[in-house]
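Peer 1: Sequence:
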Amino acid sequence: MELGLAKGKVALGECHLQAKELANKVIERLKPVFPGAEFAHVGSTAIQSIKAKPIADIAVCLTDISQAKAKRDELELLGLILRGEDVPNQILYAMENEKGESIAFVHFCQKGDGRFEDYLFFRDFLSSHLEKAKEYEELKESLAKRFPNERKNYTAGKSEFVDSILSLRVR
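In this note's numbering, the protein residues as written are 1 to 171.
Worth flagging that the hints you see were computed from the coordinates, not collected in a lab.
The C-beta atom is built at its ideal place from N, Cα and C for all residues, glycine as well.
One thing to keep in mind: the hints can contain errors.
Stated by the list, open to error - Below are the EDC-like pairs computed for lysine to aspartate or glutamate, each with C-alpha atoms no more than 16 Å apart in a straight line:
no.	residue 1	residue 2
1	K158	E141
2	K152	E85
3	K9	E21
4	K7	D64
5	K152	E135
6	K152	D86
7	K111	D64
8	K31	E76
To be verified - Each pair of labels, with its calculated beta carbon distance range:
no.	residue 1	residue 2	range
9	V170	I81	14 to 20 Å
10	L168	S49	17 to 23 Å
11	L82	L168	30 to 36 Å
Make a model of the complete structure from these sequences and hints.
Peer 2: Written out as structure tokens, the structure is:
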């Protein structure tokens, strides 16, 4: 499956290699803009054993999250579009293909609030607990069938499972 998904749509497939390549490319472009930041390929495309939406997720941990907005012009030159702040202490940018479909999301997180560590924990836990990864994949497939044109509902439907995994993280 090629990377790219129209806004609000849900589709799942095998796109791990393309997502990893894109995530690495985006991270390399971001490093000079945010020296000293932490970067990680996260989300389902970073978990080899499960199907994923064809969008690479990248988490960036900043000591001062306001820099994600202050450097908006530089980020736009890299092809990133500001999408907003619908999650506390997080700023979201997207990268689109020539069809206007999202191919990557960059989640800027505030150092110290735990969100970056949550992304890493979720990725690493499901990568090492295949039965839980399969359970998550089945939930995602069910939600994708139920909400193919309602990504907000699809995402909301995963929240209880995600929260149950994150509750295992020692803080």
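Peer 1: State the violated hints by number, sorted upward, taking the hints as numbered earlier in the document.
Peer 2: Hints 3, 4, 5, 9 contradicted; others consistent.
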